[in-house]
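Residues per chain are reported as follows:
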Amino acid sequence: MDFDWDPEQRAFRATVRDFLATHLPPDWESQAHGPGSKSQSAFSKGFCGALARAGLLVPHWPRRWGGREADPWTSFILAEEMWEAGEPRGGQYMNVNWIGPTLMRFGSEAQQERYIPPMARGETIWCQGFSEPEAGSDLASLRTRAEKHGGTYRITGQKIWTSYAGDADTCFLLARTSAGKGGISVFLVPMGTPGIIVRQIPSIIGEGDIHEVFLDEVEVAADALLGAEGQAWEIARTSLSLERVGIPRFALARRMLHRAVETLKRAGRFGQGTFAQAATARAACEAARLYSYSIVDQRRHGKTTGPEASAARYATVMAERLVSEFVVEHVPEALSGGDAMLLAHHQRAIVAGIASGAAEIQLNLIATDLLKLPREPR
Amino acid sequence: MDFELTSDQEALVSAIDKLAQGFETKPTEFHGFALVSPELEHELTEGQYFDIAQIPELGPLAAAMAVERLARLPCTGEIALSMLLRPQLRKELPRPFGLIENGRPGRFVASARTVVVIDGETVSIAQPAASEVEPVDSLLAYPMGRMREAVKLTRLSDEEAAGARKWLRIALAAEASGLLQAAVASAVEHLTLRKQFGRPLGAFQALRHRMAECAVLAGGVRWLALKAAGTAEEADAALAALHAQESATRVAYEVHQMLGAMGMTLEHPLHLWTYRLKALVAELGGRGGQALAVARHCFGASV
Chain A
1 MDFDWDPEQR AFRATVRDFL ATHLPPDWES QAHGPGSKSQ SAFSKGFCGA
51 LARAGLLVPH WPRRWGGREA DPWTSFILAE EMWEAGEPRG GQYMNVNWIG
101 PTLMRFGSEA QQERYIPPMA RGETIWCQGF SEPEAGSDLA SLRTRAEKHG
151 GTYRITGQKI WTSYAGDADT CFLLARTSAG KGGISVFLVP MGTPGIIVRQ
201 IPSIIGEGDI HEVFLDEVEV AADALLGAEG QAWEIARTSL SLERVGIPRF
251 ALARRMLHRA VETLKRAGRF GQGTFAQAAT ARAACEAARL YSYSIVDQRR
301 HGKTTGPEAS AARYATVMAE RLVSEFVVEH VPEALSGGDA MLLAHHQRAI
351 VAGIASGAAE IQLNLIATDL LKLPREPR
Chain B
1 MDFELTSDQE ALVSAIDKLA QGFETKPTEF HGFALVSPEL EHELTEGQYF
51 DIAQIPELGP LAAAMAVERL ARLPCTGEIA LSMLLRPQLR KELPRPFGLI
101 ENGRPGRFVA SARTVVVIDG ETVSIAQPAA SEVEPVDSLL AYPMGRMREA
151 VKLTRLSDEE AAGARKWLRI ALAAEASGLL QAAVASAVEH LTLRKQFGRP
201 LGAFQALRHR MAECAVLAGG VRWLALKAAG TAEEADAALA ALHAQESATR
251 VAYEVHQMLG AMGMTLEHPL HLWTYRLKAL VAELGGRGGQ ALAVARHCFG
301 ASV
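Here the protein sequences come in this chain order: A and B.
Residue numbers for the first sequence follow our numbering, beginning at 1 and rising by one.
Residue numbers for the second sequence follow our numbering, beginning at 1 and rising by one.
Any given hint might turn out to be false.
[Unchecked claim] Facing chain A, from chain B, some residues (calculated, C-beta under 10 Å): (1) V184; (2) L201; (3) T265; (4) A293; (5) C298; (6) A301.
Bear in mind the hints are in silico, worked out from the structure with no lab data behind them.
We put the beta carbon where it would ideally sit given N, CA and C, even for glycine.
Given these sequences and hints, build the entire structure.
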């Protein structure tokens, strides 16, 4: 067991930092980018293109798809640096983290050839069509249906809370092909297909982040189906396990905590009254970091990650909450135009316990799979 | 960054685990507050386990793993101070150790050959004769003791004192890590067996979520404690001790709620872990003391 970075890992982090220093505009930190905003999406295409050319977009991918088979630590260091910088990749982080790898595992040759290269070049945006008005945490009750008509599927239904849908080229969509939990399938749906209407939902988490997506008799070719009919649960489980510790939220939270403390210091307001709260939040960030590292380490050693990933996620949610509460209480001006980065962090922290599986669902998983407590009656 | 155990660490952990298995159950006739095991002390001495931090292949990190594992036992002994603090003091001092803070009764004092005495900002060492110390009755699950009279103190230099505080924090966190895991496991066992309203208590979501949160806290303390033992950084030690005390406060409350009246009895072993956690919560200035250390070492506050 070793808690230090090796020289190669240090060098890689330095490379990523150099890249950020050169490629982020000078006013980056003073602009609050909603991760799904038009300006962020447009920026991400140029930025991810440059990342790709520098070999820093998908280093952990196989060589065939433009990677260099770097180990999980490399992609996690990359993710830490990106998230800590305010995630200039925007929604494209999803391509890198899980959509690409999921297609590599479950996609047909044709699907891979069509969708993976644009991801590896950093020029395409995807959205994730999972949640529905009646299917949030209870994803298995989703109603959007895909009916087969000869060589095509016709998809009808509604998705909600869909991040990045406003600018997405393709949707990783879950739809029902038959009844029951085993009747859900994944479709790769071009967002320009007739019958799709996207409506942005005004929110407190930033411009352009969440949407409703209406699908009315959306006709896609049979080869839009990913894997087999009814395989969505297995595919989604793979995706979610990649996504669960995919965002190193603790990295930005820790940086923002230090930023808030520096603000207080400059104002002569960092004293005994604020130490306890700042220290508690700082410890929570560190706990979340090490928890997440333990999952990355499991992947590095080729182990399947178990319920510890849910514990890592929950620890991260707590860290986000404590930092965000610290800022609200001690640097409240951040929410009123005083600090665009702290504001952007606050908005991202709101999402921490809700997006990609509610924190309470993680607690259920921990109770059942880690503590082995008896299951609840259903 | 690599969280796999080295072969030396693995061998040690498995040897300690094997040793610990002989002490897993609380003797049924024991109805006291602190369960001290002279047999455990004897076996650890025989195996030279108190010196593992000094072995280059093992070091303080492996010692922290041993402390953590042994803290999960219902019985206690003076282990953490000997394994983690003692090797860091400049002068070779005889064990067992004891700890006194601000004149209050402290852990293991009545049987200590070396007592670390903290008084405000100063840290001193005392080597009292057996006649100069005495046990104190306590609800806490460590043997508590005090000095009968003022004994000769050798004050540590500021630098040595800072080092001692750092390793006391690491020892506290490593010990708390094991205690937290054992307390959670004990509550989980109860929630699994105890039925009310026709189903096990553990099937009620209100309780499941609280226990899951406790498990997350315990796991976090474990990582912070191991990291602090591995890096020996002031900042890591402060964070580990703070998270340990925060989590101990919360978890001790939660697990007693889970056990209801059963947790109040001396028949059930739960108090053997929770009342060690409560002792640790009060040490080194409590959470306020750790927060001050974090402010200093993580945020560069000049206090």
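Verification of the hints:
1. The interface hint given for V184 (chain B) holds, since its Cβ lies 7 Å from the closest Cβ of chain A, which is under the 10 Å cut-off.
2. Among the interface hints, the one on L201 (chain B) holds; its C-beta lies about 9 Å from the nearest C-beta in chain A, closer than the 10 Å criterion.
3. At about 23 Å, the closest approach between the beta carbon of T265 (chain B) and any beta carbon in chain A exceeds 10 Å, and the interface hint on this residue is violated.
4. Satisfaction of the interface hint for A293 (chain B) is found here, the shortest Cβ-Cβ separation to chain A being roughly 8 Å, below the 10 Å cut-off.
5. A least Cβ separation of about 5 Å between C298 (chain B) and chain A falls short of the 10 Å threshold, and the interface hint therefore holds.
6. With its C-beta approaching chain A no nearer than about 6 Å, A301 (chain B) sits inside the 10 Å limit, and its interface hint holds.
In this structure, only the earlier hint numbered 3 is contradicted, and the remaining ones agree with it.
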